[in-house]
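On the provided structure of chain B, position chain C as indicated by the hints.
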Amino acid sequence: MTTSQSVPVFKVNNRRQNTVFAVLIILGLVFLSMFLSNNGTTSLIVSGSILEFSFDKFSLFLGAIFCVSLFVGLFPIRNENDIGEAFPLYIAGAIGIILSNNLLTFFIFWSFQRSIPAFRFIRGMRYENFSTGGTFLIQHFITFLCLIALIFLAAQSGVASMSFSQIPADFFTWPVLVLAFIIIYESHGIFPFHSWVHDLVGNLSWYKISSLFLSRAGVLLFVKFLLPTIDQDPDIFRIILVSVSILSSIYWTVRGIFEPNVSQTTTYFYVAQSSLILTGLQADMTAARGAYLHMMVISLSGTALWSLVSYVQRYTSIKRLNQYYGLAQYYPKLATLFCLFGFCMIGTPLGAAFVVEDLVINGLLDQHPFLGLGHILATCLNGILFFLVFSKLFLGQSAYPQKIKNYDMTLTQMLPYVTVLLFMFLIGVAPSLFLENLKW
Amino acid sequence: MEYLFLSLLLIPFAWICFLGLSFFARINFPENFLSESVKWISIVVSLISLSLAALVLMNRSQPVHFDYPAWIQIGEYEFKIRFLVDLVGATYALLTALLIGIIFRFSRSYLHKEEGYFRFIFLLSALMLGLMLVSFARSLDLIFAGWEMVGTTSVLLIGYFYNQVQPVRHSVKAIISYRFCDMGILAAAAWAHHYMHTTDFTVLPKLLEDPHILEAGHGGPVALTFIGLFVIWASLAKSGQLPFSSWLPAAMEGPTPSSAIFYGALSVHLGPFLLLRFYDYFVHFPLLLWVIGIVGGLSAIYASAVGRTRSDAKTMLAYATISQVGIIWIEIALGFTQFALFHMVAHASLRTWQFLRCSSLIQDFFENPVVQQNEKIHRNLSFEKFVSKPMRRRIFIHALHGFHLDFFTQKVLDIFSWPLKVYIEFEKKWMSMNNNVVKFILKKR
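Chains B and C supply the protein sequences, listed in that same order. Just so we're aligned: the first sequence equals residues 1 to 440 in our numbering. Just so we're aligned: the second sequence equals residues 1 to 445 in our numbering.
Chain B extracted, bound-state conformation (with noise of 0.2 Å):
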């Protein structure tokens, strides 16, 4: 092994990002706080004639989970890891989605969220000649036609601005769930309208693709505007739903084998398994207290393995998997935290994850038998994509060792990362500690 070496500083925006981890710390400490204290029936809405707000536990779990997952994510590597003038407009976006509670709101922070990278996109092709976005622009702008055609059929009904949870049953015609569907199905990522999720990694910085992800605006909509009337749907809608989640992550997750870019393996291994949240949340009341456990294995993880591999990539430059870098020997202690953030998400035994694995695939079984068998396949390719990812980047030997420096984690750096490990950990090996407070 090679002995640790003098890291060079980057340049950052101190102001910025201390201002951007006060934020995060405060909304985190309120959201936990408010989460903790909450029973589960009452919510807070601060209602004005359009804009309605709801503090409910679901919106504060959110809340708390975006709040930590980026604090955690960014932290550690803040030397590293300069933060854009942009991110704290995409917190803003992200925080009104979570705490919308109706569609006007939702409509309003998704579209001010999406136009922020939008414009960026635009600003890119038409300025900097970037060579990708348009399909992220297009997509976007189909769902934001769907959105308006939906608050239009709403407003018919005069349910445009009341609360999710009071809007009828028979609201839910064909028409509804069509567009409802192609809208939280984009907004997901979820295959076939996943391809905007390409043109993100590359033109995005990892952290402002991780918030429009983090914010989870399908899983939102769909908890709070199709799931209390989910039973009342025609069998056939619930299923082609749960087919396509799962048929979503076994598309990402092939995708990834296939792929050589590294950033893109890492975000289709993330969107692959946040493709199956939508699958437990579709079963039954087991099955959707292991999505939300599920939510939020995979936003704590996911986010530390981008953070991870972003930080890999600041002082190794590594863009391609297409051959064995072994960076272990020079990046242990990083190693180590990759691959168990990793163990966390595909369900290894005594991680969260084996947890959510059981209470979602048995709350599926007794839903859809068959489509139970399509989420094991889509579970167990995961873990292969991420063993692929781990070997490519951490193991074997680098055909130019003389390149990579040896700049691994210091134990300040790690704790944050350790502390979550810890508590993932913690909750596969007491998980009934944690379900109980999951029900809302």
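One or more of the hints may lead you astray.
[To be verified] To spell it out: a stretch of chain B is covered by chain C in this simulated footprint if at least three of its residues, at any positions, have a beta carbon under 8 Å from a beta carbon of chain C; those stretches are:
| no. | region |
| --- | --- |
| 1 | 99 to 105 |
| 2 | 249 to 259 |
| 3 | 284 to 297 |
| 4 | 364 to 377 |
| 5 | 383 to 392 |
Treat the hints as calculated values from the structure; they're not laboratory data. The C-beta atom is built at its ideal place from N, Cα and C for all residues, glycine as well.
Here is chain C on its own, set in the frame of chain B:
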């Protein structure tokens, strides 16, 4: 008995927690401390396993059930912690404790001053926990937990020399086989839960005796047969049976002690162990017993033929292991379950010895009289002389290529990945078209 059995699970668990936490706390234990600790741990665990096995025998081999509060309980759903201490489990646990103890002792000198000694100890301790869990688990869910631990440690130990490319490639090959077959155990557990409302393998055969269970409400005989097929599917990769045989010889890239314990002794016998656990279920479906017998037979012939064409000792041993495990599968299919258990124990012990001695093979060949005697017996017993020369040559050529198993696997994977490749091309064109459309619109403005 309960305390003895619990300590078999808790000692390795506490030890791996201790090692894991000390790694993150950056405590570097000296090699001597680690080897002394594992020596005492393996002695204690072996003595406890021995006492447990003795108690089971004194109890006239009557199985003892231990039920604990549900690990997860949500509404009607429960993940129950259920254990079974019986002759099969106690034997396997004793075998695990003894062989891992031997491996710990052997690796003390074999891996002396190796950089990854700590990692080796950690992974082998995790293997011990996984195997103990599988040995005593009474439900498929719990077996799966131990099963996954064994798989994960196995893959990480194949890639023990992680700074070389070949071991890493082979560890990837192993995880692909493992994950494909782990689908079987997950699917079996999930379908058993769904159709029979339990994954307890002591209860499942009793349920089958009820004629109503075979009615459509429980999925009918097809679904119940599939549960058995999933179990067989799960056992294929772990025991290196066809068509998942090629990863096992490749897995020999790991250090010799880990090859011995995984692919000669314990991990490779988990497949037959699972089949033994489900034997009472299989007897209700003769088709499943046929499948087990045929797979075992074909694997034994395949491995025997291919193994004879290999020139390095560890690979030959790997194929010999596949062949013997195939024979154990046949024994299970024929209903000789106790004999299969005895065969497993004897085979695991012999292979451990062979793997550990294979690094001194040349010396043994000239100096060890037992090896010289074996060589003479082998030459006289060779059945190859019963095959005509042209046929022998033809078989040799195909066996040399492993009967093109990797080629066929690749073809199957290509067939499945073909639609995706077509789709990726289509998507690239579609994305390029989108970019052109947007650029055109932006230029117009």
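Here's how the hints hold up against the structure:
Using a Cβ-Cβ cut-off of 8 Å, 0 residues of the region 99 to 105 of chain B lie near chain C, which falls short of the minimum of three, so the contact claim is violated. With a cut-off of 8 Å between beta carbons, the region 249 to 259 of chain B has 4 residues touching chain C; three or more are needed, and the interface restraint holds. Interface restraint, the region 284 to 297 of chain B with chain C: holds (3 residues with C-beta to C-beta distance below 8 Å; minimum three). Coverage of the region 364 to 377 of chain B by chain C holds in this model, with 7 residues showing a Cβ closer than 8 Å to a Cβ of that chain against a need of three.
Proximity of the region 383 to 392 of chain B to chain C, defined as three or more residues with a beta carbon under 8 Å from a beta carbon of that chain, is established by the 5 residues found.
Checked against the numbered hints given earlier, this structure breaks only hint 1.
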